[in-house]
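A.B. asks: Same order as they appear, the protein sequences are chains A and B. Mapping the first sequence onto this note's numbering, position 196 (from 1) lands on 273, and the numbers just tick up by one. Mapping the second sequence onto this note's numbering, position 88 (from 1) lands on 165, and the numbers just tick up by one.
If you're looking for bench data, these hints aren't it; they were derived computationally from the structure. Keep in mind that this is a model prediction, so the values were computed, not measured. Note that beta-carbon positions come from the ideal geometry of N, C-alpha and C, so glycine has one too. Fair warning: there could be bad hints in the mix.
[Said to hold, decoys possible] Derived DSSO-like pairs (lysine-lysine); straight-line CA-CA distance at most 27 Å:
{"no.": "1", "chain 1": "A", "residue 1": "K86", "chain 2": "A", "residue 2": "K314"}
{"no.": "2", "chain 1": "A", "residue 1": "K125", "chain 2": "A", "residue 2": "K318"}
{"no.": "3", "chain 1": "A", "residue 1": "K271", "chain 2": "B", "residue 2": "K299"}
{"no.": "4", "chain 1": "B", "residue 1": "K228", "chain 2": "A", "residue 2": "K271"}
{"no.": "5", "chain 1": "A", "residue 1": "K271", "chain 2": "B", "residue 2": "K230"}
{"no.": "6", "chain 1": "B", "residue 1": "K86", "chain 2": "A", "residue 2": "K230"}
{"no.": "7", "chain 1": "B", "residue 1": "K271", "chain 2": "A", "residue 2": "K299"}
{"no.": "8", "chain 1": "A", "residue 1": "K271", "chain 2": "B", "residue 2": "K271"}
{"no.": "9", "chain 1": "B", "residue 1": "K86", "chain 2": "B", "residue 2": "K299"}
{"no.": "10", "chain 1": "B", "residue 1": "K125", "chain 2": "B", "residue 2": "K271"}
{"no.": "11", "chain 1": "A", "residue 1": "K299", "chain 2": "B", "residue 2": "K125"}
{"no.": "12", "chain 1": "B", "residue 1": "K271", "chain 2": "A", "residue 2": "K228"}
{"no.": "13", "chain 1": "B", "residue 1": "K86", "chain 2": "B", "residue 2": "K271"}
[Claimed, not checked] Derived Cβ-Cβ restraints for the label pairs, each shown as a range:
{"no.": "14", "chain 1": "B", "residue 1": "G342", "chain 2": "A", "residue 2": "D272", "range": "27 to 37 Å"}
{"no.": "15", "chain 1": "B", "residue 1": "A149", "chain 2": "A", "residue 2": "D84", "range": "32 to 42 Å"}
{"no.": "16", "chain 1": "B", "residue 1": "P274", "chain 2": "A", "residue 2": "L231", "range": "18 to 28 Å"}
{"no.": "17", "chain 1": "B", "residue 1": "I82", "chain 2": "A", "residue 2": "E367", "range": "47 to 57 Å"}
{"no.": "18", "chain 1": "A", "residue 1": "K271", "chain 2": "B", "residue 2": "P274", "range": "19 to 29 Å"}
{"no.": "19", "chain 1": "B", "residue 1": "T79", "chain 2": "A", "residue 2": "E367", "range": "55 to 65 Å"}
Protein chains: 2
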Amino acid sequence: MTADIIDGKAFAAQVRERVGRQVAVLKAESKLTPGLAVVLVGEDPASKVYVRNKGKSTAEAGMKSEEIRLEASATQEEVLEVVTRLNEDPSIHGILVQLPLPKQVDEMAVLDAIDPAKDVDGFHVINTGRQAVGLPAMVPCTPLGCIMMLKDKLGELSGLNAVVVGRSNIVGKPMASLLLAESCTVTIAHSRTKDLPSVCRNADILVAAVGRPEMIRGDWVKPGATVIDVGINRIEKDDGKTKLVGDVCFSEAVEIAGAITPVPGGVGPMTIACLLANTVTAACRQAGIEEPNP
Amino acid sequence: MTADIIDGKAFAAQVRERVGRQVAVLKAESKLTPGLAVVLVGEDPASKVYVRNKGKSTAEAGMKSEEIRLEASATQEEVLEVVTRLNEDPSIHGILVQLPLPKQVDEMAVLDAIDPAKDVDGFHVINTGRQAVGLPAMVPCTPLGCIMMLKDKLGELSGLNAVVVGRSNIVGKPMASLLLAESCTVTIAHSRTKDLPSVCRNADILVAAVGRPEMIRGDWVKPGATVIDVGINRIEKDDGKTKLVGDVCFSEAVEIAGAITPVPGGVGPMTIACLLANTVTAACRQAGIEEPNP
């Protein structure tokens, strides 16, 4: 048997189109243009690519896009001033501060300063807490994208055994929390877990988010399981060139799983799509109107 | 083999004595008397007993104890006014609003109004979020008591398989989060879990917090496991009298487990002890001094 390949690129395109339709409805019916501001501090090349892509996708969806660039030498006070201004700007509904920040800037203090209602990255502790207890919250984009793909593929998730490998604050923990909210039986495994292969073999849903190339082998996968690979690792091939691989050994797992996300082209494209979706959600909540369902 | 019985009453007494010594040090060396305020709205008999016990234990530990009683007919505004006054009172370091509140009062709004630094119940979403991401937080008393008993019994918890049965916001979820912070491999099971007995049988640490009398049977317990029973259920005996039982069938599990908490006399007594410990923690953090370790 060969697994279904979950096409994250195609699914993300659907999500972005849906967001575009929502934005059109909001503009026409509520005179509301959702606005997303991205703050980039310094010249990190990867961050610059991300920020450019985010700005482009935001504009394509019909939203207002604002990009604020600060020098790598920016002080914490300068970054906080920008955040405060954006918090107060009624045309901005989502604020994203691109990480990592330069050493002289305290990331936690900056994230903490973002109005939780505008925290489209879902990293503010108030959103973490609200999501944990089941209140409406802004949810981190990557785990949100994973849940959307799982529900699209499997329908109802209730009662399924989900294993999340990795316990980071930006993926593993919120992923586990979202799966629990879907009534999965959730196990969080990590570097201290004993006999990780057999823990993984118990999973109907296996989410890998550890950042170790191809760590999860084919025989760790339960036959027919749905495998979501959040890892993006660049490794060197025999010919000296590099390629991107996930945390799962795709060539092995694809023979065992029922469905699997590839790397690249799986979870990755969903992250920006979910950022746009979160911005619409944030704008509607701030305006006190229901999210359109076009 | 018969399991060790974990004597929660004796352990709680040790914790209370330790808190008493800490309070003595704080008074002598820092002129700081930790203060705990308990707010009781209405005449619920069980709540009145709890509040009385809390006040008594607080005073016994040498702390300031304040009890505020409001009529069952109190408005939300009246309750919020009390909370605001206590937030601003520098002699009060911990605020506990006894639940449940009368119907006309929005519990979430009241809990949300408590200064997170004084939230000794650990129910504020900011504390939930801070605990989830690994920042210093006020932690709910019952799961904190369970972790203290587990560490006392087992020492290092890292790498152990922990299964939490139940996913309430006040016990199950924070318990899972605390066990994860101790580097356990954590599974959260609940009413939708398939084949709960075999999930439980995988647990080195089994925490039952479902509120269903004696649901967890002896043959669900892995031989030698440590069983923490958070349930307190009153059931009718054959002779028509009632007795308290846990969520675990104690008479069966005691033959299989390595260690087990009884009901009553297990987790229960730890809750007030942890409330006192949390009040000392809160007072020290508010004063910006280190917690004494006498």
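A.B. asks: Could you run down the list of hints and mark each one as holding or not?
C.D. replies: To see whether the hints hold, each was checked on the structure:
Between K86 (chain A) and K314 (chain A) the CA atoms are separated by roughly 24 Å; this keeps the pair inside 27 Å, and the hint holds. The hinted pair formed by K125 (chain A) and K318 (chain A) meets the criterion: a straight-line CA distance of about 24 Å does not exceed 27 Å. Distance hint between K271 (chain A) and K299 (chain B) is fulfilled; the C-alpha atoms sit about 16 Å from each other, no more than 27 Å. At roughly 19 Å between alpha-carbon atoms, K228 (chain B) and K271 (chain A) fall within 27 Å of each other, so this suggested pair holds.
Among the hinted pairs, K271 (chain A) with K230 (chain B) is consistent with the structure: their alpha-carbon atoms are about 21 Å apart, no more than 27 Å. Of the supplied pair hints, the one linking K86 (chain B) and K230 (chain A) is violated, its CA atoms being roughly 50 Å apart against a limit of 27 Å. Distance hint between K271 (chain B) and K299 (chain A) is fulfilled; the C-alpha atoms sit about 16 Å from each other, no more than 27 Å. Between K271 (chain A) and K271 (chain B) the alpha-carbon distance is near 23 Å, which keeps this suggested pair within the 27 Å criterion.
Of the supplied pair hints, the one linking K86 (chain B) and K299 (chain B) holds, its CA atoms being roughly 25 Å apart against a limit of 27 Å. Simply put, K125 (chain B) and K271 (chain B) have alpha-carbon atoms about 39 Å apart, too far for the 27 Å limit, and the pair is violated. Restraint check: the Cα-Cα separation between K299 (chain A) and K125 (chain B) comes to about 52 Å, which exceeds 27 Å; the hinted pair is violated. Restraint check for K271 (chain B) and K228 (chain A): the C-alpha separation of about 19 Å stays at or below 27 Å, so the hint holds.
Taking the CA atoms of K86 (chain B) and K271 (chain B), the gap is about 35 Å. The hint is violated against a cut of 27 Å. Judged by the Cβ atoms, the range 27 to 37 Å given for G342 (chain B) and D272 (chain A) holds: they are separated by roughly 35 Å. For the pair A149 (chain B) and D84 (chain A), the supplied restraint of 32 to 42 Å is violated, since their beta-carbon distance comes to about 59 Å. Distance hint check: the CB atoms of P274 (chain B) and L231 (chain A) are about 25 Å apart, consistent with the given range 18 to 28 Å.
With their beta carbons about 55 Å apart, I82 (chain B) and E367 (chain A) fall inside the hinted range of 47 to 57 Å. Look at K271 (chain A) against P274 (chain B): about 21 Å separates their beta carbons, and that is inside 19 to 29 Å. Against the hinted window of 55 to 65 Å, the Cβ-Cβ separation of T79 (chain B) and E367 (chain A) comes to about 59 Å, which satisfies the hint.
Hint compliance for this structure: hints 6, 10, 11, 13, 15 are broken, all remaining hints hold.
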